[in-house]
Amino acid sequence: MALLQIAEPGLCADPHQHRLAIGIDLGTTNSLVATVRSGETAVLEDEAGRALLPSVVRYVQDGSPQVGLEAKLRQSDDPHNTIASVKRFMGRGLKDVPHAAATPYRFVDAPGMVRLETRAGVKSPVEVSAEILKVLRSRAEAALGGELTGAVITVPAYFDDAQRQATKDAARLAGINVLRLLNEPTAAAIAYGLDNASQGTFCIYDLGGGTFDVSILRLRQGIFEVAATSGDSALGGDDFDECIYRWIVGQSSLEEVPVADARLLLSLARKAKETLTDSDSARISATLSSGMEVDRILGAETFFDLTAGLISKTISPTRKALRDAGLGIEDIDGVVLVGGSTRMRHVRDAVAKFFGREPLTNLDPDKVVALGAAMQANMLVGNRKTDDWLLLDVIPLSLGLETMGGLVEKVIPRNATLPVTRAQDFTTFKDGQTAMSLHVVQGERELVGDCRSLARFELRGIPPMVAGAARIRVTFQVDADGLLSVSAHEQTSGVQATIEVKPSYGLGDDEIARMLQDSFSHAQNDMAARNLREQRVDGLRLLEATQAALDLDGRQLLSEVERAAIDRAMETLRVLLNSPDHTAIKRAADSLNRATAQFAARRMDASIQRALSGRRLEALEA
Amino acid sequence: MAITLSERAADRIQKFLAQRGKGIGLRLGVRTSGCSGMAYTLEFVDESLPDDLSFESGGVTVLIDPKSLTFLDGTELDFVREGLNEGFKFNNPNVKNTCGCGESFNV
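Chains as they are written, first to last, in the numbering used here: chain E, 1 to 622; chain A, 1001 to 1107.
Since the hints were made in silico from the structure, they are not lab data. Treat each hint with caution, since some may be false.
[Claimed, not checked] Dumping the calculated EDC-like pairs for lysine to aspartate or glutamate here, alpha-carbon to alpha-carbon at most 20 Å:
id: 1; chain 1: A; residue 1: K1015; chain 2: E; residue 2: D364
id: 2; chain 1: A; residue 1: K1022; chain 2: E; residue 2: E40
id: 3; chain 1: A; residue 1: K1089; chain 2: E; residue 2: E141
id: 4; chain 1: A; residue 1: K1067; chain 2: A; residue 2: E1047
id: 5; chain 1: E; residue 1: K271; chain 2: E; residue 2: D238
id: 6; chain 1: E; residue 1: K72; chain 2: E; residue 2: E242
id: 7; chain 1: A; residue 1: K1022; chain 2: E; residue 2: E242
id: 8; chain 1: A; residue 1: K1015; chain 2: E; residue 2: E40
id: 9; chain 1: A; residue 1: K1089; chain 2: E; residue 2: E40
id: 10; chain 1: A; residue 1: K1089; chain 2: E; residue 2: E8
id: 11; chain 1: E; residue 1: K95; chain 2: E; residue 2: E117
[Claimed, not checked] Partner residues are not named here, just some residues of chain A that face chain E (Cβ under 10 Å, in silico):
id: 12; residue: G1023
id: 13; residue: Y1040
id: 14; residue: T1041
id: 15; residue: L1042
id: 16; residue: L1053
id: 17; residue: E1082
id: 18; residue: N1085
id: 19; residue: E1086
id: 20; residue: F1090
[Said to hold, decoys possible] Ranges between beta-carbon positions, derived for each pair:
id: 21; chain 1: A; residue 1: R1031; chain 2: E; residue 2: R74; range: 51 to 61 Å
id: 22; chain 1: A; residue 1: G1083; chain 2: E; residue 2: V122; range: 32 to 42 Å
id: 23; chain 1: E; residue 1: S64; chain 2: A; residue 2: P1066; range: 36 to 46 Å
id: 24; chain 1: A; residue 1: G1059; chain 2: E; residue 2: R246; range: 49 to 59 Å
id: 25; chain 1: E; residue 1: R422; chain 2: A; residue 2: Q1019; range: 38 to 48 Å
id: 26; chain 1: A; residue 1: P1066; chain 2: E; residue 2: G200; range: 41 to 51 Å
Predicted model only: the values in this text are computed from it and were never measured. All C-beta atoms, glycine included, are put in the ideal place defined by N, C-alpha and C.
With the sequences and hints as input, model every part of the structure.
Shown next as structure tokens:
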């Protein structure tokens, strides 16, 4: 006997036509599934009343998968066949997996995405994720009493196209129809009903088990836009456990800690951390394998002091996200806390202090993303009469072109919202240049060598013109799925060339984070390097132009002495071009400019006379 | 002639209405479709219709159109939990047979 739910007015479904929709938070550490029933959004629990499904898959002896807590408990005694945090490997090649050697897994490099060798055979992260999704799907079908129409699955805002595609593939493998992938911060904002306001700017602070993400969302006329994202892909609740663990080891003067003891102490550290959420001290007592007794009381204040550094590590990305969004703290209308680690009192206090306002915390921070996803799914299958939420995404790293001297000209800046089209005009560097090589790069640094190369292509058939006369319009277009196409179009002749690239294929979030970090810490070096390259390019251009002019008019317009002075100035510049001192190059270029001033004036006069005398230019130039 | 709500059903409906933040009550109805002839409908109500009949049960306003009432009179709406699944169930004395799924029925 099917059980009925209350529908919105006029939206009652026909029998057997119920639109059952779920939201899935496919997390690195834990996954959840939620739905909307009779207008109420709730996370679905398993038979034992547990909402969180640990994102751990273990392949047991007969090769069948075991998912969740049972798998998690066997992690340490069956490490090769128990896959945790598979989300970090989604859509990643082996070279993109951070600290691959530090994980217990037997990685197999494969084109496109890394694979994992288990006793059930070689598994791709997509297959492993699909096992988690299958469990959530059957939990949902049991709870809703029917086949699912579809699901909204959340992904981090910085997930690139390959990672999003891998997530979709996993869902398909699990027999789930994906209605949409939704950014995690946006899901959190929806759960808090922030979309009901007509506009506002919100900060979503998400401190999970092993990752920290901060996002600035802008809501305008009911449209959510991710204005900026930042974070630290190697910072989370586990680091707080680690801090307590090191404190115990230090306090108890333990020297060598066997693996089993370390595991025991880490789990006690974790319990102590949880206890300190609402009490002022936690007791840690254990008997180690050596027979030694450890018994310590950890005070809340001590814990706060121990981990203050970790908290300040979340504030700097938060500040960066605000800066990227071009906003100040006073522009933020609300702060949402997501992730179990935000239960810690000093995390909340630090966030409240930074923003000067109390963050929103009334929803369970572990569930808030799944709840928002469920609300979005419910709306997408047509169970709610509302206008569509249009969710926009951003480019995680700037996209640009290599220009002369190995410099990067940014065409689409980081955090531009998708879809986006930007065009920029470039020109030829040499006289008579008929082809142009375009090198598309991604990154924040000023030099090509420090950015990631995405694609190269050539524009051929540019009519021969003097340097700088050609007008080549290069257009970067990134569609809603994050697919980049670059086209170059020479305006006078109409020749064009186009290439399509996946802008962030194979680029890990760690790599994105590192590249951003690099750009920040290297800003000054980069400026100096940029100056140097620019001076070199300018100097080279000046030398070439002077040489061309000398070849043309030098004999007619210059005396021996004048010619010698110019040659000397050219030689000085030519030598200095290889020096690392950009000001010296600039001085040499300036003095060459001064040395040729007279010559340039005479050339100008001569060409005017030629024009005025009405004689054929070609005859003179020949 | 009446429609009633079980205590559990009334509690749930009040909770759902409160969470929804708007709505004046619950609409029960019957429409022709489904494998066995007729099917129940269950909706929130934002505005009542001129012909609506209104009942109060467990603090909840239940609205029903007169045509549906002839098929539903005497029905008790219950809220039940079956394993992980939970939802509303019509205990309708007028029903002669239901289809296997219980969503549609004959009188």
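Hints, one by one, checked against the model:
With a CA separation close to 19 Å, the supplied pair A:K1015 and E:D364 stays within the 20 Å bound. Taking the CA atoms of A:K1022 and E:E40, the gap is near 13 Å; set against the 20 Å cutoff, the hint holds. Proximity of A:K1089 to E:E141 is assessed by CA-CA distance (about 18 Å); at most 20 Å being required, the pair is judged to hold. For the given pair, A:K1067 sits about 18 Å from A:E1047 by alpha-carbon distance, which is consistent with the 20 Å threshold.
With a CA separation close to 12 Å, the supplied pair E:K271 and E:D238 stays within the 20 Å bound. Annotation: proposed proximity of E:K72 to E:E242 holds, straight-line Cα distance about 19 Å (limit 20 Å). For the hint pairing A:K1022 with E:E242, the CA-to-CA distance comes to about 48 Å; that exceeds 20 Å, so the pair is violated. The suggested pairing of A:K1015 with E:E40 holds, with an alpha-carbon distance near 9 Å, which does not exceed 20 Å.
With a C-alpha separation of about 18 Å, the suggested pairing of A:K1089 with E:E40 holds against the 20 Å cut-off. For the suggested pair A:K1089 and E:E8, the alpha carbons sit about 18 Å apart, so the restraint of at most 20 Å is met. This hinted pair checks out: E:K95 and E:E117 have alpha carbons roughly 17 Å apart, not beyond 20 Å. Of the supplied interface hints, the one on A:G1023 holds, with its beta-carbon coming within about 8 Å of a beta-carbon of chain E, less than 10 Å.
Taking 10 Å as the C-beta contact cut-off toward chain E, the hint placing A:Y1040 at the interface holds, the least distance being around 6 Å. Taking 10 Å as the C-beta cut-off, the interface hint given for A:T1041 holds, the closest approach to chain E being about 4 Å. Here the hint on A:L1042 is kept, as its CB sits about 5 Å from the closest CB of chain E, short of 10 Å. Annotation: A:L1053 was flagged as interfacial toward chain E, and the flag is violated, the nearest CB pair being 17 Å apart, outside 10 Å.
Contact between A:E1082 and chain E, as hinted, is supported at the beta carbon level, the nearest pair being about 7 Å apart and thus within 10 Å. Using the Cβ-Cβ criterion of 10 Å, the hint placing A:N1085 at the interface with chain E is satisfied: the shortest such distance is roughly 4 Å. A cut of 10 Å between beta carbons decides the hint on A:E1086: the least distance to chain E is about 7 Å, and the hint holds. Restraint check, A:F1090 versus chain E: the minimum CB separation of about 8 Å is within 10 Å; hint holds.
Our hint of 51 to 61 Å for A:R1031 and E:R74 holds, since their Cβ atoms are close to 52 Å apart. At about 37 Å, the beta-carbon gap between A:G1083 and E:V122 stays in the expected band of 32 to 42 Å. Roughly 57 Å separates the CB atoms of E:S64 and A:P1066, a value that falls outside the hinted 36 to 46 Å. At roughly 57 Å, the beta carbons of A:G1059 and E:R246 sit within the given window of 49 to 59 Å.
For E:R422 and A:Q1019, the Cβ-Cβ distance of about 45 Å falls inside the hinted range of 38 to 48 Å, so the restraint holds. About 46 Å separates the C-beta atoms of A:P1066 and E:G200, a value consistent with the hinted range of 41 to 51 Å.
In summary, the structure is inconsistent with hints 7, 16 and 23 from the numbered list given earlier, while agreeing with the others.
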